[in-house]
Amino acid sequence: MSFRVPALFALPAIALAVIFIVLGFLWWPFYLLVLPAAAAGVTLLWWRADDAAIASLNARGAGEIEGQRFRNALEALCLRVGLEQPALMVVDSDATNLAAISIRRNTLVATSTLLAKLDAMQTEGVVAHAIMKLMPPKPRYQALVASAPWAMVGLQKRLARRWDEVEDGVVQYDLAGVELTRYPPGLRSALELLDDSTTEVIGGEHLGTTWLVPPHAERTPISHRVEVLGEL
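My numbering runs 356 ahead of the 1-based position in the sequence shown.
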């Protein structure tokens, strides 16, 4: 499921549309009577999708102290790419994970354990990965090589090569995040830590690939992601 249209909006909207289509086939004036109501219902689902996703996780606003390191990295990286800083929410959980929700507005939802465990460089790495999920589609890395600082050309070329070799979306976001931070060990170290941790957030299965480490059914092995970053 795309991180921009999570199941909380898409599935109810589709179900509502199917119901109205079936009823319309049975009695065509039904369309004239309830079409405005159907449009209003779908609009309401869309308008409430962000709140519904956050509520399903029992997320709360981040405290000043617990989220300060995360906010520092978020502010710096958003300024670098020209992205409005998303809201930061926290889920009190033993799991170690981060979701980037982008429906009507951008929100990052971190677990309390993630905020407590990661150091500054690891935090920068996972925040960069999440920011790339909130950005419009990026151009291929070949277009960036020419404008890279001389000292970074080697890394840019390796990123370009790996980008072309992988089709897995989560790995491409890893590479995009590393392109932003210019420091592969940060995200790689964070993923190694997550590989030894619980990442399944109760109530968050429906958010799919919004997560830094998606639910098991959709997951690329973390060890593979670490291996790709280790080659840079």
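These aren't lab readings, by the way, just hints derived from the structure by calculation.
One or more hints might be untrue.
[Said to hold, decoys possible] 16 Å max Cα-Cα, derived EDC-like pairs, lysine to aspartate or glutamate:
| hint | residue 1 | residue 2 |
| --- | --- | --- |
| 1 | Lys473 | Glu583 |
| 2 | Lys473 | Glu422 |
| 3 | Lys473 | Asp448 |
| 4 | Lys473 | Asp551 |
| 5 | Lys473 | Glu440 |
| 6 | Lys473 | Glu548 |
As the structure is a computational prediction, the values presented were derived from the model and not from experiment.
Now the hints, each set against the structure:
1. Lys473 - Glu583: Judged against 16 Å, a Cα distance of about 22 Å means the pair is violated.
2. Lys473 - Glu422: Holds. Lys473 to Glu422 sits at ~11 Å (cutoff 16 Å).
3. Lys473 - Asp448: holds (13 Å)
4. Lys473 - Asp551: OK: Lys473 and Asp551 at ~13 Å, within 16 Å.
5. Lys473 - Glu440: Roughly 26 Å between the alpha carbons, so the hint for Lys473 and Glu440 is violated.
6. Lys473 - Glu548: Measuring from Cα to Cα gives roughly 12 Å; hence the hint holds.
Going through the hint list in order, the structure does not satisfy hints 1, 5.
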